[in-house]
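S.K.: Each chain is listed here by its residues.
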Amino acid sequence: MIARRKPALHPVAPDTVRVWRGFMLAGTDYAQFAQTLGSVFVPSCALLQPNAGLTAYVPSMMSQTNKPAAVPDQTALMWWATTTAHDEATKTVAVRAYQDLHGAVYDTKISRSDVPVKLEHGIVANQPVYFFDQPADWMTGKVRHLVGAPISPGYIGPLLLWALAYQKKPPKGVDGALLITGNGGYVAFWEHWTNRVGKSPIDDLAKMVTPFLSAVAENIPPGGGLWDDWAGWDLTKHTCMNVQLDRPGPKGKKKK
Amino acid sequence: MSTRKKKPLAIPPDAVKVWRGWRAPSFAQNDFFQRLGTTFIPATVEMQIRAGLDTYIPSVPCGLANKPDAVPDETAILYWDSQQTYTDCFNLLACRTYTLIHGATYQVPPSGAQFPVLFGGTLTAEQPVYLIHQSEDWMHGKVAHVVGGRPAKLAPADWLTTVAKALTSFQTSGIKGGVACAGNDYVVYWVLGDKRGDKSTAAALAKLCGWNSVITPKNTRLKKGLWDVWPGMQVNPGDSFNIQFTRRWE
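The listed protein sequences derive, respectively, from chains B and F.
Sequential numbering of the first sequence, starting at 1, is according to this note's numbering.
Sequential numbering of the second sequence, starting at 1, is according to this note's numbering.
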């Protein structure tokens with residue numbers, strides 16, 4: 001195993017993230033989906049994109065037990081160096097190749113990623129919101145993630161009240177938070193702790209939903225490089241990861 | 001640091017994957033060309049050199065006038081250090097990633113690639129063959145490529161027999177290397193060190209086809225790497241490239 005240096009902090013603005021909700025391609029079963037994601041897709045995202053500007057990557061898998069179809073099968077946060085970095089990255093062969101993988105595993109008609117806007121007065125389906133303006137480095141520290149199906153059909157009002165209260169009085173140690181709801185079918189929330197995870201209102205949110213994932217992301221580096229002998233991750237075991245990317249140095253020098 | 005070159009590798013004549021690809025129905029023809037040029041052909045090289053790829057010669061019959069649907073839209077030969085090198089490639093993320101992007105671009109099946117067997121005088125549909133049992137360096141040689149369709153007057157079995165007779169004669173024609181694959185309705189053939197013009201084996205095989213195209217791969221070196229800003233290559237109907245690169249053992 002290669003010794004990894006402690007990464008230099010790389011805080012980025014809260015609207016540099018793509019919030020991904022993935023749904024399995026029809027005709028694939030979950031075991032096959034998880035295997036393909038773990039052996040190819042998730043490692044490829046982690047290894048093909050940092051040299052093109054990816055600064056943090058938090059992929060997660062939802063439990064399939066009694067999961068309604070409206071709840072995503074997978075979520076991911078992909079943080080980029082700037083608001084334009086994601087689009088700029090597609091000018092490279094590496095990122096185009098990664099993006100061409102999507103059609104092989106996801107239902108691309110309903111799977112999507114969106115850029116968040118600031119939480120102010122409302123919550124709109126499929127529009128992620130961020131809570132705080134300050135830049136944060138989500139790869140360092142800890143990420144806690146909750147995905148669930150709302151218990152009450154009238155959940156939007158209470159959800160907005162909860163979110164505004166959180167925004168007004170965030171837990172000490174949290175410097176970033178993201179929320180999304182999709183067409184009444186699911187709620188997903190992420191919070192970023194600069195150090196250790198502490199007490200949080202996320203526990204109150206968890207009471208409003210039937211959870212399909214509630215976890216602190218595992219900070220974990222890839223087990224090898226693009227050309228190393230490495231089978232990838234078993235995503236039935238690593239269900240929520242904060243992948244420790246090998247980010248380019250401050251001068252942006254590429255590592256191959 | 002030593003500047004001495006590593007020992008050249010004798011690439012085995014059977015360590016070649018023979019690809020015949022048909023465009024996915026969901027892909028418009030122009031999108032197919034764009035996908036090949038912007039991603040697929042560059043990624044084949046950039047992601048697999050370090051895994052042991054030694055030669056890559058893709059060709060794009062797609063879009064050629066009157067090409068029968070049964071003739072592949074894209075063909076390629078890919079030489080590796082050995083057959084085992086190719087098998088081991090799937091232990092590497094780069095190769096798994098490259099392989100998975102096929103599904104979005106091609107119709108699978110019938111698209112696919114196999115290693116050849118040494119040609120013994122008869123052909124089995126969809127089983128590639130190689131004609132000359134000696135190591136050659138196709139990347140640095142003069143290559144010609146034939147893609148052709150079965151003439152309507154011939155039944156598939158007679159077509160395979162006709163192609164087999166031609167290949168038998170090619171084995172003693174002085175060529176340095178030959179790789180072929182025939183389906184019930186098409187043939188693809190690559191030759192190294194062929195004679196010129198009408199006396200070539202490529203011309204002889206083309207004459208047996210109902211529709212054909214004789215293609216000369218153009219030596220092409222990619223100017224950019226995986227993470228460089230680069231729109232990719234321009235790909236047009238009938239294009240063929242003998243991609244020039246530095247192997248991992250060079």
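It is worth saying that the hints were derived from the structure and are not from the lab.
Note that the Cβ used here is the ideal one computed from N, Cα and C, for glycine as well.
Heads up, a few of these hints could be off.
DSSO-like mimics (lysine-lysine), calculated; alpha carbons at most 27 Å apart, straight line [stated by the list, open to error]:
(1) B:109 - B:142
(2) B:91 - F:142
(3) B:6 - B:142
(4) B:91 - F:218
(5) B:67 - B:91
(6) F:218 - F:153
(7) F:199 - B:91
Selected chain F positions facing chain B (Cβ under 7 Å, derived; list incomplete) [as the list claims (entries may be wrong)]:
(8) 37
(9) 49
(10) 50
(11) 91
(12) 93
(13) 104
(14) 139
(15) 140
(16) 141
(17) 227
(18) 244
(19) 246
S.K.: If a hint holds in the structure, say so; if it does not, say that too.
M.R.: Structure-based check of each hint:
{"no.": "1", "hint": "B:109 - B:142", "verdict": "violated (32 Å)"}
{"no.": "2", "hint": "B:91 - F:142", "verdict": "violated (33 Å)"}
{"no.": "3", "hint": "B:6 - B:142", "verdict": "holds (15 Å)"}
{"no.": "4", "hint": "B:91 - F:218", "verdict": "holds (25 Å)"}
{"no.": "5", "hint": "B:67 - B:91", "verdict": "violated (37 Å)"}
{"no.": "6", "hint": "F:218 - F:153", "verdict": "violated (34 Å)"}
{"no.": "7", "hint": "F:199 - B:91", "verdict": "violated (45 Å)"}
{"no.": "8", "hint": "37", "verdict": "violated (11 Å)"}
{"no.": "9", "hint": "49", "verdict": "violated (9 Å)"}
{"no.": "10", "hint": "50", "verdict": "holds (4 Å)"}
{"no.": "11", "hint": "91", "verdict": "holds (5 Å)"}
{"no.": "12", "hint": "93", "verdict": "holds (5 Å)"}
{"no.": "13", "hint": "104", "verdict": "holds (4 Å)"}
{"no.": "14", "hint": "139", "verdict": "violated (20 Å)"}
{"no.": "15", "hint": "140", "verdict": "violated (24 Å)"}
{"no.": "16", "hint": "141", "verdict": "violated (27 Å)"}
{"no.": "17", "hint": "227", "verdict": "holds (4 Å)"}
{"no.": "18", "hint": "244", "verdict": "violated (17 Å)"}
{"no.": "19", "hint": "246", "verdict": "violated (14 Å)"}
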